[in-house]
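A.B. asks: Sequences listed follow chains A and B, in order. With the numbering used here applied, the first sequence corresponds to residues 1 to 340, in that order. With the numbering used here applied, the second sequence corresponds to residues 1 to 494, in that order.
Hints were generated in silico from the structure; no laboratory data involved. In this text the structure is predicted, and so the values were computed from the model without any measurement. Glycine included, every Cβ here is placed at the ideal spot set by N, Cα and C. Treat the hints with care, since some could be wrong.
Now the in silico label distances, taken between C-beta atoms and shown as ranges [to be verified]:
no.: 1; chain 1: A; residue 1: Gln339; chain 2: B; residue 2: Val121; range: 32 to 42 angstroms
no.: 2; chain 1: A; residue 1: Gly26; chain 2: B; residue 2: Ser426; range: 18 to 28 angstroms
no.: 3; chain 1: A; residue 1: Glu82; chain 2: B; residue 2: Leu232; range: 27 to 37 angstroms
no.: 4; chain 1: B; residue 1: Ala237; chain 2: A; residue 2: Ala65; range: 27 to 37 angstroms
no.: 5; chain 1: B; residue 1: Arg318; chain 2: A; residue 2: Ile59; range: 47 to 57 angstroms
no.: 6; chain 1: A; residue 1: Gln339; chain 2: B; residue 2: His39; range: 52 to 62 angstroms
no.: 7; chain 1: A; residue 1: Asp188; chain 2: B; residue 2: Ala237; range: 56 to 66 angstroms
no.: 8; chain 1: B; residue 1: Ala157; chain 2: A; residue 2: Glu261; range: 46 to 56 angstroms
no.: 9; chain 1: A; residue 1: Ile59; chain 2: B; residue 2: Ser234; range: 32 to 42 angstroms
The primary structure of each chain is shown beneath.
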Amino acid sequence: MGVNATSYLEPTGTDEVVDAVTRTRGRAGTLEIRGAGSVLDRLPAGEAPVLSTARLTGIVDHAPADLTVTVRAGTRLDELRERLAEHGQECPIEPIGEHGATVGGRLATALAGPRQLGAGRVRDWLLRVRFVTGAGTPATAGGVTVKDVTGFDLCRLLTGSWGTLGVITEATLKLRPIPAHRAWYASDTPRHDVASQLYRPAAVVSTTERTHVLFEDHPDDAGAQAAAADLSPAEPPALPASARAVVDPARLAALRADLAELDLTVAIHDQLGLCHLDGQADALAAARAAAERHGGALLVLDPSAGLPAFGRGHAPTALAGRVSAALDPDDVLAPWRWQR
Amino acid sequence: MTGGVGPLATAGRELTGPETSLLARLEGILGGDGLRTGHLGRATYRRDASFLNADPLAVALPRTVEQTAQVLRACRDHGIPFTPRAAGTGLAGGATPTGEAGVRPVVVSVARMDRLRQLDVPNRRAWVEPGLVNARLGKAAATHGLRFAPDPASQIAATLGGNVATNAGGIHVLTYGVMSQHVLAVELMDADGVVHVLDGARAEQAGLDLRGVTVGGEGTLGIVVGACLRLLPSPPAVGTLLAGFPSLDAAAAAVGALVVSDRLPDAVELMDARAVSLVEGYAQAGYPQDAAAVLLLEYEGLPAGVDAGVVTADHLAREHGATSVVRADGPDQRARIWKGRKAVAGAIAKRAPDFYLQDVVVPRSRLGEMLDAVVAIGERERLEILTVVHAGDGNLHPFVLFDRREEGMIDRVFAAGHDIVATALSLDGTVTGEHGVGIEKRDFLGEVFDADDLAVQRAVRDAIEPSGLANPDKVLPTTVGCGEARMVPEGAWV
């Protein structure tokens, strides 16, 4: 468990979030924001009071004809998935691991699921965000239409900010029809070149045994692509969960070679430049060094590993520091985040 | 508020000491060829493709990133703001060189920095300079079986730097997304001439997505001096449909059905009867002339999926009253169909001396109501308005055709524009979908966002660009919630 907090706040609305942040700021305290804990519980335990979104839940508005849904941040992704499926729709933001995840948490961490290759990044599915800044200011950015360049694009800024700029309270997400057909295939051996031979596969993941491919196409197209690439129907791959190394996809081959030298279980998202890893602390530390050498970063999601969650690859730039200071001037929102 | 008055009004203004000193320094950096200070040299840079214009102090045309840095440092040292500009195809006055308190900015054009720095085929991306024209990247990518998805109608002239600055859209946004989704990294030069590489190429970012804020920053955060753009494989199969409808409502209802069908089309464009008739004489696109509206639909991908999409669309179109549905029989007919859509502005230029192009978005389910409202506004103001719509996105572009020499005409045009924007807002829509805020839509932001929202936006902008010299007077309203939103803010000429 990553929660070892002296107090636990569960606001039920924006006003209460504003109140919690403002009070915390007033006594020069700090807050850590928690959704379902699917990621937070896998970070080293913190000491700060926790602000949970557990009671900021519910689907505010699903507009099937507009392909949009507005949800409060603490809403579980699996609940959302079920509700959208009733209308044949989905938002392809995937939970990480098996412990459930909230919409707000997934937006805040922006970790990639396998389908990111075909469906695009978490940040690209957010149309409007409501949040409370570290200064206690409630704000809205973006809008409910699928195209909107009215004002600066703070939706992108909030996505992946790990709760350091504001508490996300509500999100409007873009939807799409659930693909009519979805099937995993795999090769007999790992083939890192498969991804580039296929037309827009939904996911490609290579383990040490084989390369798995997900097609979300017309079944005839999926079958034809699979046959041309010599792939057979298969189960989805199992993904190691202790750590994730990310590099620019152009550096992936080099990182892959370095990881092969270490005692690690590895699953690699070809083309995304993302590697899932399991292993002992020394191997993970070496993997982190390798990722950083290739200009990337490694995130440890296993508090028992004895390594900091974040590494040098996550260190904020001076410009990012200025933006953080603008929205969270008194360091209320987990200012230690990138160092823990 | 009439054309032609603006240039004369400021032409004779005497230069201040800092202005004189700055111009001498800029000439030293750029040489005579790279700096325009004369009346005629400045006149071309008074406005973008909007009507809003203002007189710049000078126009700088750097050829390199280093020259650009020197220009910005010179501006900073003299306390003179700068207005970034590329091709000037923007429609919201974002590149119009207005300055606060009457200060004349230097226009910094990146048009001469137009190289394709690197086409990285294995990693499917391109590093570009900001002045590279959108269509040129598409052409270069196509030779390798790749494509650059954002395709604004102005793509034969608009630059990628401008596309980044405005977070441009285009015809294939529906499934491929807006510009931001195709920008992997941005090189942002700040007012001190320092370049910040804002990286978003990694699958999971490490740190804040400042790239995302910069895309759509409209030059107010600095100058985009380079970008890394995502390329996609060219689709093996394409199915293009042209469908004629007896009414706008029927076409809008068909769009609604297509958007919730099993497979999203990659493009859904709507043109009203005026647009159809106008482009037919100009582009011979083969549009049905008896239709009150036509839809252009496209499915891209692998053959079975494309065929299934086309069959569904054909069925849905007919179910909603389509009187004709034609599938393009090959690349030539497909090209002709799209040529008609992209030729609208050119065709208008032959029809009327002036046009005013609006850009509003409504939720897709409100499209029919919005189209009806545009017709009513045209009738009320006695104006010819034709409308083309990125219908799958609910993004309308009404073109108001007029002759500015007509007495009182400009006022009616802007009254219509105001009403179109106000109607979109009343339908839960927004004031700009892809053209940007610039100065044209600036005063509407107070109707979209409250004071807190705008204060947060301002805080972010000031954190990234603390000098206030980068494209002043744009995007954020100077006074919040004060007075009525205007199509033409104070200080801008029409």
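A.B. asks: Any of the earlier hints contradicted here, and which numbers?
C.D. replies: 2, 5, 7
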